[in-house]
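Colleague: Let's have the full structure, built from the sequences with the hints guiding it.
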Amino acid sequence: MATQHLVPRCPLKIHRHSHAIKPRRRDAPPLPSSPSTGFAQPRSDGGGRGGGREAEEIGRGSGDPGGGGEVVYLYVRGGSIVPYRMVLVFCCKNRCLHISCIHGHIEFFRLALEVDQSLLSKVNHEGETPLVIAVAHGHANLASLLLKRCNDLGLQATILRQDKDKSNALHHAIRNGYMDLAIQLLEAAPALSHHVNIYRESPMFMAVMRGFRDIALRLLEINDSSHAGSFCRHALHAVAKNGDQFIAAQIMKKRPQLARKADSNEDTPIRLAVCYNKVGVLRELLQHDISLGYEVNNQGFTLLTSAATRGHVGVARELLNHCPDAPYRHVHHQELTCLHSAVQNGHTKFIEFILQTPQLQRLVNMQDSSGRTALHYAVERCNPRTVAALLSCKGIDTTIFDIHGESAASLLSGITSHEKNLDWKEVQVLMLKADPKDDDIPSDNIHKEVEQQETIESIKERKSTTQRYTTNTSLVAILLARITFTAAFTLPGGYSSDPGSEGNPIMSKKAAFQAFLIFDTLAMCSAFVVSVICLMGRWEDDRFTSYYITVTKRLTWFAYMATLAAFAAGLYTVLSSRRHWMAIGICLLVGFCPCLTWLISKWPILKLNYRLGRRWFSMLFGDYRVGQPSSSAFRDMV
1 MATQHLVPRC PLKIHRHSHA IKPRRRDAPP LPSSPSTGFA QPRSDGGGRG GGREAEEIGR
61 GSGDPGGGGE VVYLYVRGGS IVPYRMVLVF CCKNRCLHIS CIHGHIEFFR LALEVDQSLL
121 SKVNHEGETP LVIAVAHGHA NLASLLLKRC NDLGLQATIL RQDKDKSNAL HHAIRNGYMD
181 LAIQLLEAAP ALSHHVNIYR ESPMFMAVMR GFRDIALRLL EINDSSHAGS FCRHALHAVA
241 KNGDQFIAAQ IMKKRPQLAR KADSNEDTPI RLAVCYNKVG VLRELLQHDI SLGYEVNNQG
301 FTLLTSAATR GHVGVARELL NHCPDAPYRH VHHQELTCLH SAVQNGHTKF IEFILQTPQL
361 QRLVNMQDSS GRTALHYAVE RCNPRTVAAL LSCKGIDTTI FDIHGESAAS LLSGITSHEK
421 NLDWKEVQVL MLKADPKDDD IPSDNIHKEV EQQETIESIK ERKSTTQRYT TNTSLVAILL
481 ARITFTAAFT LPGGYSSDPG SEGNPIMSKK AAFQAFLIFD TLAMCSAFVV SVICLMGRWE
541 DDRFTSYYIT VTKRLTWFAY MATLAAFAAG LYTVLSSRRH WMAIGICLLV GFCPCLTWLI
601 SKWPILKLNY RLGRRWFSML FGDYRVGQPS SSAFRDMV
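For what it's worth, the working numbering labels the leading residue of the sequence shown as 1, then goes sequentially.
No lab work stands behind these hints, which were simulated from the structure alone. Glycine residues also receive a C-beta, built at the ideal position from the N, C-alpha and C atoms. Careful, some of the hints might be misleading.
Quick list of simulated restraints, FRET-style, between CB atoms [as the list claims (entries may be wrong)]:
{"#": "1", "residue 1": "I403", "residue 2": "Q361", "range": "16 to 26 Å"}
{"#": "2", "residue 1": "G585", "residue 2": "N242", "range": "51 to 61 Å"}
{"#": "3", "residue 1": "D439", "residue 2": "S392", "range": "19 to 29 Å"}
{"#": "4", "residue 1": "D214", "residue 2": "G300", "range": "39 to 49 Å"}
{"#": "5", "residue 1": "R317", "residue 2": "F544", "range": "53 to 63 Å"}
Here are the simulated EDC-like pairs of lysine to aspartate or glutamate, each with C-alpha atoms no more than 20 Å apart in a straight line [unchecked claim]:
{"#": "6", "residue 1": "K602", "residue 2": "D423"}
{"#": "7", "residue 1": "K241", "residue 2": "E295"}
{"#": "8", "residue 1": "K349", "residue 2": "D423"}
{"#": "9", "residue 1": "K261", "residue 2": "D224"}
{"#": "10", "residue 1": "K241", "residue 2": "D263"}
{"#": "11", "residue 1": "K433", "residue 2": "D423"}
{"#": "12", "residue 1": "K261", "residue 2": "D289"}
{"#": "13", "residue 1": "K254", "residue 2": "E221"}
{"#": "14", "residue 1": "K148", "residue 2": "E114"}
{"#": "15", "residue 1": "K122", "residue 2": "D163"}
{"#": "16", "residue 1": "K253", "residue 2": "D289"}
{"#": "17", "residue 1": "K437", "residue 2": "D397"}
{"#": "18", "residue 1": "K93", "residue 2": "D116"}
{"#": "19", "residue 1": "K437", "residue 2": "E406"}
{"#": "20", "residue 1": "K93", "residue 2": "D163"}
{"#": "21", "residue 1": "K241", "residue 2": "E266"}
{"#": "22", "residue 1": "K261", "residue 2": "E295"}
{"#": "23", "residue 1": "K607", "residue 2": "D423"}
{"#": "24", "residue 1": "K148", "residue 2": "E187"}
{"#": "25", "residue 1": "K433", "residue 2": "D397"}
{"#": "26", "residue 1": "K148", "residue 2": "E107"}
{"#": "27", "residue 1": "K253", "residue 2": "E221"}
{"#": "28", "residue 1": "K148", "residue 2": "D116"}
{"#": "29", "residue 1": "K253", "residue 2": "D214"}
{"#": "30", "residue 1": "K254", "residue 2": "D224"}
{"#": "31", "residue 1": "K122", "residue 2": "D165"}
{"#": "32", "residue 1": "K122", "residue 2": "E107"}
{"#": "33", "residue 1": "K241", "residue 2": "D267"}
{"#": "34", "residue 1": "K253", "residue 2": "D224"}
{"#": "35", "residue 1": "K241", "residue 2": "D214"}
{"#": "36", "residue 1": "K148", "residue 2": "D180"}
{"#": "37", "residue 1": "K122", "residue 2": "D152"}
{"#": "38", "residue 1": "K394", "residue 2": "D438"}
{"#": "39", "residue 1": "K254", "residue 2": "D214"}
{"#": "40", "residue 1": "K394", "residue 2": "D435"}
Modeller: Written as structure tokens, this is what we have:
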């Protein structure tokens, strides 16, 4: 063994009786180690005063975090084990037992305590005892042995010792998920449940947050156990977050006062249950105290408003089951209802729930401080789903004006966003269906007039969209032309090498081969035409843009189908003689590809056509007819 490994490099100080701890000579041979324990075997060379164990290895690493991880040897010469009480102390005040617990050396723990049991109560620079270190470093078995030894010796203060962060062994056991060890700690020292670390976390709060039901129940059985948590929360807040209905019931039985204690955000447990959509916890809280359902926080939000903001239908239904008259208005702003909140956040299912609940149906016509109903906000946001949900209510009044004299339908005139073109049209149809005689509903011609008032930004956007279209279309056309051009010189079946017909295609007399040549030629020519138009056309002129779009789309579509037909014909030529069923299956699959492509590309339009009906769709979306796309239709399609 190298000489530099015999002495730790980190600074240390040696207490009195250090003359009994003597280093080995530099020329001494290395000590043989035991295969069972990993420690050095005793030497019987008669050295020292009694001739006993020569050295013991206690682990890798020193008390100094920057020590580099040397192997530290502790010598006990000649049976003089009395001075061993005064153990080497490293720079961070770690004793040998601290270092051993870091690495989980159970055998050294037993040998060390045979010499000096006071090591159990020693603390290092972080205020950690060997017990706390063993738990924090994940050595549950060693921690259990340390706990048993401390308990046998009556070292209650050692068990209750807290580290620099005021966390005790129970905190670390729960944090690391050692439930059995946590139960042992509680049985040995119930006072561990009283401690709160510097982060304001009690063992009960941590156990409930992690869902350790057994530990939480044991902590609840201790009358004076702490339930505090971080952010001024407590154990019932933790239950509301993780949704443990059983623990919620137990806490409400033993500590019902926690239901009204709020955190730093003034959120009580029942509000957290609503926000996190924990229906079971909400049910338990209301069963123990129904008055909790009428809670209003300092900002004036009711529980129904909080549920509507997040779209939680389940908790709203449970709340109304226990409290049918639960408040639905904002306290500080009496005109703001939970329906307004649901519409502003786009929660269609919550809107439908409100309209299906008898005591809340009247909210559909309630106005806010600006005189707007929920329908005003739905139309202004141009959300067809929320508009349809509101219009499905029989008692809705679409003629209500706000304080500026605008109805919900008239708000459509101020929406000119091209990104919402389809939504705008769908909302327009829905409003026309609800009241066909309403003159405030803008016609399609009015919308087109608004579109014609292009600004500099809209012109730049249109040019950018046109540039993207030509770039993408030319890339597709060039790719199709390359594929078909290559296929023309890689004929299916190959070329003949027979005398008199050298270089002729072998399958030239088959009809499928001739079809392959025809489709391949058509696809290549169409793709070349599209690529040339994209490169040489006058795309900057608006008068030609619609014409170019129509021509390039049709030719690209034709080239696409011709390429697929050439592919199917080529494979049929090769496979028909031996695998006729496979050749037919490939042709059918290839023939389905254009249908699938058309269906996917037109699916949004088809779905909208189904929802609106053919008459309304043809009236408002006639500019989508193939061959006559308008500029707005082009923007939507691209």
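Colleague: Each hint should be assessed against the structure and marked as holding or not.
Modeller: Going down the list of hints, with the structure as the test:
| no. | hint | in the structure |
| --- | --- | --- |
| 1 | I403 x Q361: 16 to 26 Å | holds (24 Å) |
| 2 | G585 x N242: 51 to 61 Å | holds (54 Å) |
| 3 | D439 x S392: 19 to 29 Å | holds (23 Å) |
| 4 | D214 x G300: 39 to 49 Å | holds (41 Å) |
| 5 | R317 x F544: 53 to 63 Å | holds (59 Å) |
| 6 | K602 x D423 | holds (16 Å) |
| 7 | K241 x E295 | holds (18 Å) |
| 8 | K349 x D423 | holds (19 Å) |
| 9 | K261 x D224 | holds (18 Å) |
| 10 | K241 x D263 | holds (13 Å) |
| 11 | K433 x D423 | holds (15 Å) |
| 12 | K261 x D289 | holds (14 Å) |
| 13 | K254 x E221 | holds (9 Å) |
| 14 | K148 x E114 | holds (15 Å) |
| 15 | K122 x D163 | holds (12 Å) |
| 16 | K253 x D289 | holds (11 Å) |
| 17 | K437 x D397 | holds (14 Å) |
| 18 | K93 x D116 | holds (17 Å) |
| 19 | K437 x E406 | holds (16 Å) |
| 20 | K93 x D163 | holds (14 Å) |
| 21 | K241 x E266 | holds (15 Å) |
| 22 | K261 x E295 | holds (12 Å) |
| 23 | K607 x D423 | holds (13 Å) |
| 24 | K148 x E187 | holds (11 Å) |
| 25 | K433 x D397 | holds (14 Å) |
| 26 | K148 x E107 | holds (15 Å) |
| 27 | K253 x E221 | holds (12 Å) |
| 28 | K148 x D116 | holds (16 Å) |
| 29 | K253 x D214 | holds (17 Å) |
| 30 | K254 x D224 | holds (11 Å) |
| 31 | K122 x D165 | holds (17 Å) |
| 32 | K122 x E107 | holds (19 Å) |
| 33 | K241 x D267 | holds (12 Å) |
| 34 | K253 x D224 | holds (15 Å) |
| 35 | K241 x D214 | holds (18 Å) |
| 36 | K148 x D180 | holds (14 Å) |
| 37 | K122 x D152 | holds (17 Å) |
| 38 | K394 x D438 | holds (17 Å) |
| 39 | K254 x D214 | holds (16 Å) |
| 40 | K394 x D435 | holds (13 Å) |
Going through the hint list in order, the structure satisfies each hint without exception.
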